[in-house]
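Going line by line, the protein sequences match chains A and B.
Numbering-wise (this note's numbering), the first sequence opens with residue 1 and increments by one.
Numbering-wise (this note's numbering), the second sequence opens with residue 1 and increments by one.
These are computed hints drawn from the structure, not numbers from a lab.
For glycine and all other residues, C-beta sits at the position ideal for the given N, C-alpha and C.
Check before you lean on any hint, since a few could be wrong.
Stated by the list, open to error - Estimated spans, in silico, between C-beta atoms of each pair:
#1 A/164 with B/612: 34 to 44 angstroms
#2 B/685 with A/235: 24 to 34 angstroms
#3 A/172 with B/698: 20 to 30 angstroms
#4 A/267 with B/698: 31 to 41 angstroms
Unchecked claim - Which bits of chain A does chain B cover? Going by a derived footprint, with three or more residues having C-beta under 8 angstroms, they are:
#5 149–162
#6 248–260
Said to hold, decoys possible - So, partial list: chain B residues that the calculated Cβ filter (under 7 angstroms) puts toward chain A:
#7 33
#8 37
#9 39
#10 263
#11 265
#12 266
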Amino acid sequence: MSVMDQETSVTADGRTIGGVLMEMRNISLRFGGVKAITDISFDIREGEIRAIIGPNGAGKSSMLNVISGFYVPQEGEVWYKGAVRPRMRPFEVARQGIARTFQNIALFEGMSVLDNVMTGRLNHMTTGLLSQAIWKGKAEQEEIENREVAEKIIDFLEIQHIRKTPVSRLPYGLKKRVELARALVAQPSLLLLDEPMAGMNVEEKEDMSRFILDVNDEFGTTIALIEHDMGVVMDLSDRVVVMDYGKKIGDGTPDEVRNNQAVIDAYLGIAHD
Amino acid sequence: MGNPSQTVGGLESIPALLQRNAREFGSKDAYREKQFGIWQKWTWAETEKEVEALALGLINLGVNEGDFIAIIGRNRPHFYWSMVAAQSVGAIPVPLYQDSAAEEMAYVLEHCGARFAIVDDQEQVDKVIEVQERLHQFEHMIYVDPRGLRKYDHRALHEFAKVQEQGRAAYDEFIQELQDRREKLNFDDQCVMLYTSGTTGKPKGVILSNHNIIRSAQNASEFDHLGPGDEVLAYLPMAWVGDFIFSIGQAYWTGFCVNCPESPETMMIDLREIGPTYYFAPPRFFETQLTNVMIRMEDAGTLKRALFHHLMDFARSGAGEKYGMPKRSLARPDLKRRIKQAWKFSMGVGFAIEALLENAIRLFFVKLRHPVDTRDHFKAKDPLGLYLYPEPLRSYFKYRMGEVLIYGPLKNTLGLSRIRVGYTAGEAIGPEIFEFYRSLGINLKQLYGQTEASVFITVQPDGEVRADTVGVPAPEVEIKITDEGRIFYRSPGTFVAYYKNPESTADTKDSDGWVDTGDAGFFEEDTGHLRIIDRAKDVGKMANGAMFAPKFVENKLKFYPDILEAVLFGNGRDHCVAFINIDLTAVGNWAERNNIGYSSYQELAGHPRVLATIQEHVEAVNRSVAEDPMLSGCQIHRFVVLHKELDADDGEMTRTRKVRRAFVADKFNDIVEALYDGSETVSTVTEVTYEDGRKGTIKATLEIRDAKVVPVEPQKVAAE
Numbered sequence: 001m002s003v004m005d006q007e008t009s010v011t012a013d014g015r016t017i018g019g020v021l022m023e024m025r026n027i028s029l030r031f032g033g034v035k036a037i038t039d040i041s042f043d044i045r046e047g048e049i050r051a052i053i054g055p056n057g058a059g060k061s062s063m064l065n066v067i068s069g070f071y072v073p074q075e076g077e078v079w080y081k082g083a084v085r086p087r088m089r090p091f092e093v094a095r096q097g098i099a100r101t102f103q104n105i106a107l108f109e110g111m112s113v114l115d116n117v118m119t120g121r122l123n124h125m126t127t128g129l130l131s132q133a134i135w136k137g138k139a140e141q142e143e144i145e146n147r148e149v150a151e152k153i154i155d156f157l158e159i160q161h162i163r164k165t166p167v168s169r170l171p172y173g174l175k176k177r178v179e180l181a182r183a184l185v186a187q188p189s190l191l192l193l194d195e196p197m198a199g200m201n202v203e204e205k206e207d208m209s210r211f212i213l214d215v216n217d218e219f220g221t222t223i224a225l226i227e228h229d230m231g232v233v234m235d236l237s238d239r240v241v242v243m244d245y246g247k248k249i250g251d252g253t254p255d256e257v258r259n260n261q262a263v264i265d266a267y268l269g270i271a272h273d
Numbered sequence: 001m002g003n004p005s006q007t008v009g010g011l012e013s014i015p016a017l018l019q020r021n022a023r024e025f026g027s028k029d030a031y032r033e034k035q036f037g038i039w040q041k042w043t044w045a046e047t048e049k050e051v052e053a054l055a056l057g058l059i060n061l062g063v064n065e066g067d068f069i070a071i072i073g074r075n076r077p078h079f080y081w082s083m084v085a086a087q088s089v090g091a092i093p094v095p096l097y098q099d100s101a102a103e104e105m106a107y108v109l110e111h112c113g114a115r116f117a118i119v120d121d122q123e124q125v126d127k128v129i130e131v132q133e134r135l136h137q138f139e140h141m142i143y144v145d146p147r148g149l150r151k152y153d154h155r156a157l158h159e160f161a162k163v164q165e166q167g168r169a170a171y172d173e174f175i176q177e178l179q180d181r182r183e184k185l186n187f188d189d190q191c192v193m194l195y196t197s198g199t200t201g202k203p204k205g206v207i208l209s210n211h212n213i214i215r216s217a218q219n220a221s222e223f224d225h226l227g228p229g230d231e232v233l234a235y236l237p238m239a240w241v242g243d244f245i246f247s248i249g250q251a252y253w254t255g256f257c258v259n260c261p262e263s264p265e266t267m268m269i270d271l272r273e274i275g276p277t278y279y280f281a282p283p284r285f286f287e288t289q290l291t292n293v294m295i296r297m298e299d300a301g302t303l304k305r306a307l308f309h310h311l312m313d314f315a316r317s318g319a320g321e322k323y324g325m326p327k328r329s330l331a332r333p334d335l336k337r338r339i340k341q342a343w344k345f346s347m348g349v350g351f352a353i354e355a356l357l358e359n360a361i362r363l364f365f366v367k368l369r370h371p372v373d374t375r376d377h378f379k380a381k382d383p384l385g386l387y388l389y390p391e392p393l394r395s396y397f398k399y400r401m402g403e404v405l406i407y408g409p410l411k412n413t414l415g416l417s418r419i420r421v422g423y424t425a426g427e428a429i430g431p432e433i434f435e436f437y438r439s440l441g442i443n444l445k446q447l448y449g450q451t452e453a454s455v456f457i458t459v460q461p462d463g464e465v466r467a468d469t470v471g472v473p474a475p476e477v478e479i480k481i482t483d484e485g486r487i488f489y490r491s492p493g494t495f496v497a498y499y500k501n502p503e504s505t506a507d508t509k510d511s512d513g514w515v516d517t518g519d520a521g522f523f524e525e526d527t528g529h530l531r532i533i534d535r536a537k538d539v540g541k542m543a544n545g546a547m548f549a550p551k552f553v554e555n556k557l558k559f560y561p562d563i564l565e566a567v568l569f570g571n572g573r574d575h576c577v578a579f580i581n582i583d584l585t586a587v588g589n590w591a592e593r594n595n596i597g598y599s600s601y602q603e604l605a606g607h608p609r610v611l612a613t614i615q616e617h618v619e620a621v622n623r624s625v626a627e628d629p630m631l632s633g634c635q636i637h638r639f640v641v642l643h644k645e646l647d648a649d650d651g652e653m654t655r656t657r658k659v660r661r662a663f664v665a666d667k668f669n670d671i672v673e674a675l676y677d678g679s680e681t682v683s684t685v686t687e688v689t690y691e692d693g694r695k696g697t698i699k700a701t702l703e704i705r706d707a708k709v710v711p712v713e714p715q716k717v718a719a720e
């Protein structure tokens, strides 16, 4: 725990930011000859909202996939909770307390919202297939406990009215919320959000922003998110990493990043004369 | 009647009724609320404990007798407890509309000088904090839902559960004080203060005494034979007098159970799960439900649709009234009644199977010979093969069968299966809508009331229900109608006074206790039922002397599912013009089925085909208006379909969704002028307020349409 004992700070609105939860050290990722990520280092501290931004094709989603353990970088190390993380399969990552949502919604379309959310509790269930099928004793007890967790999250995200609705019948904004619910019921210590507000209208974006802030505030969940909408990112996050062409071009608080010349150039373009 | 306290056996306050209920129905459910997907419940005995803990907590916080306690939240047991706890300590609860903007709340909080507020969640806390500076008397706020409030300054902010906890801890210290205060309460004490929605001007605080509430609740409960086995779903705003009477007055008087929905969005699901036996909804609710049913039937298969229309036509032809109405019965039927119900049901099943089989075979052979459309078959007089039975057996069997096939499942879907008594009030309900529900066997009735009367002025007795009247005077209510047609009443529910407003009190209520309703109407001579024409203030004269009664025409327009709201202008003018709001659900669905694309309300409202449909409706209304000799002058010559929905957030409507006529006329002055000056289009800029209080503007160019009118000789209103 030595790494996590680092200094803790308190933000202006009273949230406590702890020590380093995850650290990327000199990460490089290649797909054949294509360099997706080149030598990137940054850290995510406990309790903060960390944003990764950048233009299209900057390597943001690749970065998130590295964090979630789906891609294994050719170079560099991922430190998580004070230790180098070995090569892992996705379910092992989930067991370590990392949950995520996807850019293209990845829900079970034919299942109800409640069933979808319950799948997020899978790692917390220990009874076997057989006892779950017979539905007696421990399996029943376990389902009740897990359902309670799921219902609390459903209440938190205000999706009670669609509890029994098949996901395929929901509008886009609600599907996103259901996906967030599924990630949250896993009670993750690190939550990864891949473009949580893509394709939403202003009202849906406001709702989603409020939920992200509330999640961070109420459960103390560390959040790393990728987002296109600069306004949203600047309002939400504590610190921002800016990527362009697979390289890190900026890192700091929203204000610092906003005034960073490299970032301005990347977003607005520069004259090549 | 003598001294009323004798008839209610010394139960002179709501807290006293609570004590009685805890004693007599201790283990019976008093409140249920769905939370985390499960119906949580509290018995009367538990309710008494909760209320007591809160009352002790309130004393601990320093609530004095005579204080006002504002209550702001959606329907939850906690707020009903808060009202009773406030009464127990001698304070007066003042429920507010929870969807009001901070500004509107500031007025009420300032006017009543509330020292305490019990609110729902962060949203309400924020609103009160926003205006707190101006409220010099305001001291403490108690919230129920702690989410997001952890970091707020808690010097004057308390969590509901913690206040109760402190109350329990201080039991020995304050219980004597609480008992003393509770026992002091009598019929003359103030029970609640409710603010009127304010169709005109600022809201007024109506003070209602324990006598008003308890006597009105008692009379109405006895009128409809309500008992402890009844169930209601509390979903209407708590600041509205109706909810206070139903969910507090009648619930405490009879001891029935009040169910609270999980969230406003889940209301329909919860309604279905609970299946209330006693129900109240404004006409708009029934309209929306009917529209939904019709839209879904359009998408159903041919056979289902044909069967639905055939059986609905049959039910509407009078069979529903005759065979469908629930008999006067207890909420929980006894064994005899259960057997009877089971027998009726199995008979229905039997006939349904028999008729459908026979019918299927017949249809099969008919189709073999010459292919017919199933729908045509159902248009035939007796497609269900019941011709062997003589009338009235045939109709009886057919209705039982319909109950199994269509009426029963439909009622179940609507959550209205168990209704014994349902009321609609507030506005006129369309005759077709009213008939639809009644023919399903739902005992839907109308009542006429207002805040100042503790709701009840007239009600329809079972068996004397019609769409165009509002019934006979409620028990113990006297009504007189002046020569000009203004309705006055006097009843045990007549309010005490308007708070801090003696002039208005004197204007409304005379020294003999007669109250002016502000409505115009008359008694039908043969039936003794009251008919309402319009608000007396809105009834005017047109330039040629003809009578102008806007509500009459607007209601006719609103009975079309496509039209949500209409506002008629014409007072002092030579002809009438109208604003119309389309109903987005109905018109949107129609557009979808007709492949009409639209991206916004504004675009759909301005679509030429929508305008054409609305024009047809307007012209149909004109023809119907022309038949009324007195009001034929109110035909609509020109109309415009508005680019935005009239909304309470913009002040165009009250929180109970009544149009503020003068405000609308003033705000859309440019459009009204364009309607009169003959121009074909009008460009306008309208300010809108978003839910969070920010403002924006909508620009629009609206097309003005001329409607055909039926020429009539204008009839002068006799001048006296």
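Evaluated hints:
{"no.": "1", "hint": "A/164 with B/612: 34 to 44 angstroms", "result": "40 angstroms, holds"}
{"no.": "2", "hint": "B/685 with A/235: 24 to 34 angstroms", "result": "30 angstroms, holds"}
{"no.": "3", "hint": "A/172 with B/698: 20 to 30 angstroms", "result": "25 angstroms, holds"}
{"no.": "4", "hint": "A/267 with B/698: 31 to 41 angstroms", "result": "32 angstroms, holds"}
{"no.": "5", "hint": "149–162", "result": "holds (count 8)"}
{"no.": "6", "hint": "248–260", "result": "violated (count 0)"}
{"no.": "7", "hint": "33", "result": "12 angstroms, violated"}
{"no.": "8", "hint": "37", "result": "5 angstroms, holds"}
{"no.": "9", "hint": "39", "result": "13 angstroms, violated"}
{"no.": "10", "hint": "263", "result": "5 angstroms, holds"}
{"no.": "11", "hint": "265", "result": "4 angstroms, holds"}
{"no.": "12", "hint": "266", "result": "4 angstroms, holds"}
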